[in-house]
Amino acid sequence: MTAPLLLGIGLLGGAGAVARYLVDTVAGPRTRRGFPRGILVVNLSGALLLGVLLGASVQGDAQRLLAGGLLGAYTTFSTWMFDSHRLATGGRRGQAALNLLAGLALGLLAVWLGRELGRLA
Amino acid sequence: MGYGPRVADPASRPRADARTLAAIFAGGCVGAMVRAELSVALPYESGHWPWATLLVNVAGAFVLGWVITRVEDGREPFAHAGRLLGTGVCGALTTFSTLQIELLEMLDDDRYGLAAAYVLASIAAGLAAVALATRLTRRGSSAPEPA
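As they're listed, the protein sequences go chains A and B.
The opening residue of the first sequence carries number 35 in the numbering used here; numbering runs sequentially from there.
The opening residue of the second sequence carries number 291 in the numbering used here; numbering runs sequentially from there.
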């Protein structure tokens, strides 16, 4: 990977992380006691957009920058796991299961839908 | 709102001041570049086990579990560590969208067993990583090496 490409991935990754934080701030619960819907919104919207890129056959450097850099960093796995763990250990196993299952099922639906939309483009 | 400054409470609502955003941006740059390099080192081929994604996701879940537990317990001296290392580095190092695309492509290829194994392994290992990091941190053992 060339240095400019790596740098571009880094900058877009930084932007993706900031976007994740801002969306989570707006869409998330008011306290950590609430259901972590903000990260769900982030992950589902990112999965939808990644699907669009895939459906539109975006490849090469553009794919690395947008899919790998921006959307890869915008969406996140670690907080999804962390929140699920804290819900489960905090006596809210039902919400933990809902967080995992909703993320998975709706995430798959989102990438599929995005890919269909991207193919229309 | 407007009831005076917030104390350092992990339950408080996140804020969007310039330092917080700068920490997240810097961390996000690092996380995305590490993931990109790893995806070159461990290239993913359709129909195969996505080692690169699994590795970054589980490692990132472990480090996030470590740093946020320290923040929760008031043991993190650097005020922006949770944002820089957690939200920034771990958030960007790990990825949800790539995982979902890999799953969708496995389902496209009718590789249901592979898809089920991959998703179960990701979630089981991700939860186990958070649990282990939390336990190690609360045991007061020295900080584990970022995997």
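One should not assume that every hint holds.
[To be verified] A few chain A residues facing chain B, derived, Cβ under 8 Å: (1) I43; (2) G44; (3) G48; (4) V57; (5) F69; (6) G103; (7) T109; (8) T113.
[Unchecked claim] Per the computed footprint, the stretches of chain A lying under chain B, defined by three or more beta-carbons under 8 Å from a beta-carbon of chain B, are: (9) 73-84; (10) 88-95.
FYI, nobody ran anything at the bench for these hints, they're computed from the structure.
Treat the numbers as computed from the prediction; the structure is a model and nothing was measured.
Think of the CB as a built atom: it goes at the ideal place given N, C-alpha and C, for glycine as much as any other residue.
Hints, verified against the model:
no. : hint  : result
1   : I43   : holds (5 Å)
2   : G44   : holds (4 Å)
3   : G48   : holds (4 Å)
4   : V57   : violated (11 Å)
5   : F69   : violated (14 Å)
6   : G103  : holds (5 Å)
7   : T109  : holds (4 Å)
8   : T113  : holds (6 Å)
9   : 73-84 : holds (count 5)
10  : 88-95 : violated (count 1)
In terms of the numbered hints stated before, the structure departs from hints 4, 5 and 10, listed from lowest to highest.
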